[in-house]
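Peer 1: Protein chains in written order, with this note's numbering: chain P, 1 to 65; chain R, 1001 to 1713.
I should point out that these hints are in silico values taken from the structure, not numbers from a laboratory.
What you are looking at is a predicted structure, and each value in this text was computed from that prediction instead of being measured.
It is possible that some hints are incorrect.
[Unchecked claim] Okay, derived cross-link-like pairs now, DSSO-like style, lysine-lysine, Cα gap no bigger than 30 Å in a straight line:
1) R:Lys1638 x P:Lys47
2) R:Lys1556 x P:Lys47
3) R:Lys1677 x R:Lys1651
4) R:Lys1651 x R:Lys1638
5) R:Lys1209 x R:Lys1045
6) R:Lys1556 x R:Lys1045
[Said to hold, decoys possible] A partial selection of chain P residues facing chain R, derived with a Cβ cut-off under 7 Å:
7) Ala31
8) Ile35
9) Asn36
10) His39
11) Phe45
12) Val49
13) Pro51
14) Ser54
15) Leu58
16) Pro60
Ideal Cβ positions, reconstructed from N, Cα and C, are used throughout, including at glycine.
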Amino acid sequence: MIRVNGNAHAWRAGMTVADLLEALEDTHHYAVVRINDRHISRPNFDKAVIPDESDVFLIPMVAGG
Amino acid sequence: MPNLQMTTLRTFTYDRPVMDKGYANQTLSIDISDAQISITPVTDKMKAVFVGGKGFDLWLLWHAVTGTTQWNDPENAVCIASGPMGGTPIYPGSGKSIVTTISPLTGSVIDSNVGGYFGPYLKFSGFDALQIKGKTSKDVVIFIDGIEEKIQIFETFGLPDASYELSAILTDYFAQGKPRNISVVSTGPGAKNTRMGCLNFTWYDLKRKRARYKQAGRGGIGSVFADKGIKAVVARWETVRVDTNNPADMDALKTVGRKHSKEIIKLDPQQNQMATIGTTHLVTIMNDFDLLPVNNFQYGQHPQAVNLGQEVFRPIFDAGYDGCWMGCTVACSHGVKDFIPLTGPLKGTRVFVDGPEYETIAGCGSNLGIFDPHAVIEMNFYCDTYGLDTISVGTSLAFAMECFEMGLINEKDTGGMNLFFGNRLSALEIVHQMARGEGFGQVVGQGVRRMKQIFANAYGADPKMLQDIGMEAKGLEFSEYMTKESLAQQGGYGLALKGPQHDEAWLIFLDMVHNFMPSFEQKAEALHWFPMFRTWFGLCGLCKLPWNDIIPEDNKQMPEPAKVMKHVQWYAEFFSAVTGKQTTADGIIRMSEAVYNFQRIFNLKMGFGKREHDNLPYRAMGPVKPVEYESRRERYDKQLVEQHQVDIIGKSTEEKIALLRQFREQLYEKLKDAVYKRRGWTADGIPTIETVKRLGIDFPDVLELLEAHGQDR
């Protein structure tokens, strides 16, 4: 089990950020996701594996600078 | 400090006005040539047109200088202001000051915003803005005591040059046992010996019991300050409360302030964790999107960038509350405790370092090919205490390093120093030389624009190559983002009034990552709205981070999510609650437009502010050298074929670079046309008479200036 923005979500071994975003009913075009304290950017979504028991945060990053 | 002596040159007493809906309704002028002090009322017209903050600064500076004033002329003024909402402890990010002067780097108006307590303390002491003119051969300290209602100018003896030490001593000296009542503005020896001096503004850290520092970094304001002979300006004020600004509607202010504060407390831990790691999260994100400057903006990525990321800095930062203004819930001003420098006058001692933030990490790290976090922290520390802007230092040094790598300059020119990318000791030695006013550091301290001239004229380097890779525009060094693949951000830098600093328009993510603005018209609209909205923070005494670095949960369902309109509406409510003048999201843009256009016209007054001055070095638009093209060949080849219908078969890399350059430079010129039209400017980039009349800035001298540039009334 993982938590996504505080909500429980089923986990499976080998699940990547890209897998998670596909499973979620959320069409927002996220550029950055945080797994615990680690930021993952979109170019790495399909490579970043989510460990079990992770806290995942979908970051609505529109700005900075 | 046993040897410190302060001799009073002037004492001036005054009656502090009652705060009136965020305004003191008067400004303070000090001429240090003869220690004259005067107070001038703020008119209703001044408030209506210029709002406050940068608007007031610009109005004072406009009247202080002529079109021929140079940065080191006595009539040049350093102007500091907060803004009507500045000093509100209940609303996050409400402690900013903004500083303007004629820049030693650009020769025109520069503005730089900064945290710390000074701006609010100045205002509560009775002054919406401070203007300092004149020059003196003495070392002077200006003390603005809002509690005892007096201003003093001292000649000082025995104060150190280093800004951190100087500010700490003056905090103790004036505090009368209450150091939180003091804010010091100072600079250091690097500012005296270069054109890229910064100002350090203090805030007092109660937990750590020390003065902490934020920097007004850009454009060499610290160099003007040092050239005038000012050691420091100190403000003293007592406890700040929500009602200190005497807001028009206290209940509305509390309601909107609490809403925004609570949202940040809830969402920042779920989003970028700025209260824990500041802006360091941007390093690896920029790297992942090929936007982190590496080796003088040649590349946007490096395998070692993770060594400079938030995962490294998180355990290095000293945990605790780090708000540069009271009650700010973003609280992003982190620091490093007990850092031990390996070089320089404080080698082997324990120091507290304020920072680093993203810009310093990228500028003094990746862009120099340095991926050692401790070297970056040491650069950060010495730049600050020497009074040097880490962005200009980083970008200037990166340029010198690339010139060295290319053989455009050599060890004979650098005083025997090896300046290969990644050379940490040389980078630090250059910073120490800047402070001492010695050696090649003195050359680097002149900035990229002047280095280009020196390298071409004295060292025989190819001026065309220097122009292409020297990352400055309008004379100001680029801040630390790659713009090659974002036309909108090229505009964000090239069309910025003061030069390429991201605080006007940071559109990379919106343009390149989210593709929110595919058409020219959409880019032009963004290059109107975003600079105007961001300008408004500098008019009001606010930090922009709470606006769009912590995003409401429902933002994606809102119209125009890129603008974070829920927060824009809250800012309109905040302004209305403090000033009593009801405004809207559109009203905010109108306020900024007047000041923005006035600043553009100010550039014109100083001999700039036209289309030709919005040009960029080609490195900002695309690959200059074959090695850059080849590193992203697939991307560039695809663009030539698909976007520009070029048959690339049989073409050399040099030929493809030339073709790509032609297309990209044309696009940038088209972007200029679209933005000028949207802003109500002529094709030469000058605000039209119609525009200045619409905005209420049709002052007689403005109209005369526009007429002199070919416009009819």
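Peer 1: Run every hint past the structure and note whether it holds.
Peer 2: A quick look at each hint next to the structure:
1. R:Lys1638 x P:Lys47: holds (25 Å)
2. R:Lys1556 x P:Lys47: It holds: about 26 Å lies between the C-alpha atoms, which stays within 30 Å.
3. R:Lys1677 x R:Lys1651: violated (38 Å)
4. R:Lys1651 x R:Lys1638: holds (14 Å)
5. R:Lys1209 x R:Lys1045: violated (43 Å)
6. R:Lys1556 x R:Lys1045: violated (39 Å)
7. Ala31: holds (5 Å)
8. Ile35: violated (12 Å)
9. Asn36: violated (10 Å)
10. His39: holds (6 Å)
11. Phe45: violated (10 Å)
12. Val49: Given a least distance of 16 Å, the restraint on P:Val49 is violated.
13. Pro51: This hint is violated: P:Pro51 lies away from chain R, its Cβ roughly 15 Å from the closest one there, beyond 7 Å.
14. Ser54: violated (14 Å)
15. Leu58: Status violated, d = 9 Å.
16. Pro60: holds (4 Å)
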